[in-house]
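Engineer: What follows is each chain in one-letter form.
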Amino acid sequence: MMPNFDPLYIVYGGLAFLPAIIWLLVIFKKTRNKKIQLLIFFLGTFSVVPIFLIQYLFLNFPQLDFVNTLESSIKSPTLQFIILYAWVSITEELVKQWLVRYLDSKFLLIETINDSIQLSLVSALGFSFAENIFYFYQIGTNFGFAPLIVAYLFRSVFTTCGHLVFSGFFGYYYGIAKFSISIVEQSNLSGKSFFVSRMLGKLLNISKIQAYQEATILKGLLAAILMHTTFNYSLEMNSSTGNPAYIIFAAIFIISCYLGLNHILKQRAGRLILVQDSTQSHPSTIAKTDEDVIIELLGMWFNKGKYVDVMHICERLLKRDPDNKIVKLFKAKALDKMDSSNPYRTILSKLFPDNKEEKTTK
Amino acid sequence: MTDINITIEDIKIGGSANDNSQSEGKVAKIVLFKGQLDETNVDEKAKLIYALLEQNPKNLHLLMNFEGLEYMNSKAIGYLTDWYSKISEGSGKMVIAMAHPNILDILEVVGLTQLIKCLPTVDEAKLELLDTSGITNSNQGGDNSSLIAA
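Going down the list, the protein sequences come from chains A and B.
For what it's worth, our numbering labels the leading residue of the first sequence as 637, then goes sequentially.
For what it's worth, our numbering labels the leading residue of the second sequence as 21, then goes sequentially.
In case anyone wonders, no lab produced these hints; they're calculated from the structure.
Here the structure is a predicted model, which is why all the values come from computation and not from measurement.
Positions of the beta carbon are idealized from the N, C-alpha and C atoms, including for glycine.
Just to be clear, a hint being listed does not mean it is correct.
Among the chain B residues that face chain A by a calculated CB cut under 8 Å, a handful are [to be verified]: (1) Asn93; (2) Ser94; (3) Ile97; (4) Gly98; (5) Asn122; (6) Asp125; (7) Ile126; (8) Val129; (9) Val130; (10) Gly131.
Just need the whole structure built from these sequences, with the hints factored in.
Structural biologist: So this is what it looks like as structure tokens:
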């Protein structure tokens with residue numbers, strides 16, 4: 637239902653702002669470009685508008701509410717819930733991600749996979765902040781203080797975290813899709829076959845890379861929808877059955893997803909600047925055919941787990957061809973692949989520290 | 021299938037023309053490559069070297085003459101690394117002679133030039149190969165040219 641403006645919204649807006657600021661500080665610890673991210677947070681708050689518009693349309697024009705029509709045709713309450721929450725997840729995830737993709741297409745904001753994740757987190761935070769205002773208003777005015785406190789604490793921590801994580805994963809896959817040319821070539825050389833992308837490409841009459849891009853974005857969307865639907869469904873089951881196991885599951889689920897996303901953000905390959913800056917390109921001083929032989933060897937040895945050798949070769953090759961993204965990816969992935977208990981990992985991290993080819997936090 | 025010709029010859033060492041490279045338990049061979057090692061032939065041709073390594077597991081001294089080698093692919097480099105490891109494990113030695121600049125470039129970036137000495141001439145390569153083999157010329161004051169006779 638489209639809300640009529642009540643001055644109490646300002647009060648609840650202030651309440652919702654506190655956890656949003658705390659989450660922003662958590663996200664900002666891992667970022668450099670704070671001004672852009674603040675802007676995206678602000679714009680993200682308006683991404684609830686399409687959701688409200690759809691809800692308004694469905695309420696005032698029930699013939700358009702195909703979700704309700706679909707639910708009515710299904711007898712199983714479980715399936716009805718799943719369809720409803722899948723629909724909610726689809727619309728919310730698409731809307732949150734749309735802002736990031738639109739701004740990136742205009743201003744090329746995304747230079748690394750981690751950039752894509754970060755911007756998705758901030759956009760989701762804006763959305764969650766706006767959503768929380770309306771939820772806190774509804775609960776505060778209709779149910780009173782005690783339910784408001786419970787909702788405030790749970791939504792500020794778990795629901796907001798959920799929105800961040802769902803969008804974060806979508807952002808991760810979008811980042812991979814964006815840099816698919818380099819990523820596919822590097823993975824190809826490491827022995828990955830991309831059978832599905834090849835078949836999809838033939839089916840849709842598009843290139844393997846394009847097919848991979850579309851499939852990856854779809855994978856990200858499906859991952860976000862699945863996580864979002866799982867979370868919402870758990871909350872619904874807690875509400876309808878009163879069984880606290882569902883809410884405990886929901887909390888553990890969100891924490892696990894958060895830890896998973898945090899692990900992804902720590903990968904060195906995610907910090908690699910994969911965007912080509914033509915104003916700062918450096919010519920290669922090694923013949924292309926010779927370089928191709930070495931890169932093929934990198935793939936072979938990467939596949940065999942010879943990560944130390946791969947790193948050393950990459951370092952030497954980058955002195956000859958500093959802009960080669962495939963070699964940079966091999967180097968970053970070799971370090972990521974090395975067991976954290978391997979002493980070589982520590983030595984090599986110090987020998988080949990983060991440099992200008994990677995984005996780092998301050 | 022791309023053409024590649026690999027021949028293996030003994031390197032004669034010692035003070036007499038009759039001495040062969042099998043003296044004192046040390047084996048010195050020269051492997052001549054002519055052509056290109058690529059996907060079509062490298063697996064097949066690598067078997068020749070592996071057979072040589074099998075026949076001489078210890079103290080094998082190998083001189084790889086790359087003068088006629090125009091191209092080697094990544095698999096060939098992988099094999100080269102493996103041969104070097106096996107020879108070193110058997111207390112032997114490997115050197116490379118007359119590699120083309122592009123091949124030398126590849127070996128340098130891969131790091132193999134830090135392990136395997138690459139020399140510009142066959143004579144220098146033979147001297148390097150036999151330098152630490154402990155083989156001495158019995159005619160100490162005489163002409164040492166037979167030490168490096170092929």
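Engineer: Indicate, hint by hint, whether the structure satisfies it.
Structural biologist: Going through the hints against the structure:
Hint on B/Asn93 holds. Least Cβ distance to chain A is approximately 6 Å, under the 8 Å limit. Hint status for B/Ser94: holds, given a least beta-carbon distance of 4 Å to chain A, under 8 Å. Taking 8 Å as the C-beta contact cut-off toward chain A, the hint placing B/Ile97 at the interface holds, the least distance being around 6 Å. Satisfaction of the interface hint for B/Gly98 is found here, the shortest Cβ-Cβ separation to chain A being roughly 6 Å, below the 8 Å cut-off.
Interface hint at B/Asn122: satisfied, since its Cβ lies 5 Å from the closest Cβ of chain A, which is below the 8 Å cut-off. Checking B/Asp125 against chain A: minimum C-beta separation of about 6 Å stays under 8 Å; hint holds. Contact between B/Ile126 and chain A, as hinted, is supported at the beta carbon level, the nearest pair being about 5 Å apart and thus within 8 Å. For B/Val129, the suggested interface contact is upheld, since its CB lies about 5 Å from the closest CB of chain A, less than 8 Å.
Residue-level restraint check for B/Val130 holds (minimum Cβ-Cβ distance to chain A is 6 Å; threshold 8 Å). Given the 8 Å rule on beta carbons, the hint for B/Gly131 holds: about 6 Å separates it from the nearest Cβ of chain A.
When each numbered hint is compared with the structure, no violation occurs for any of them.
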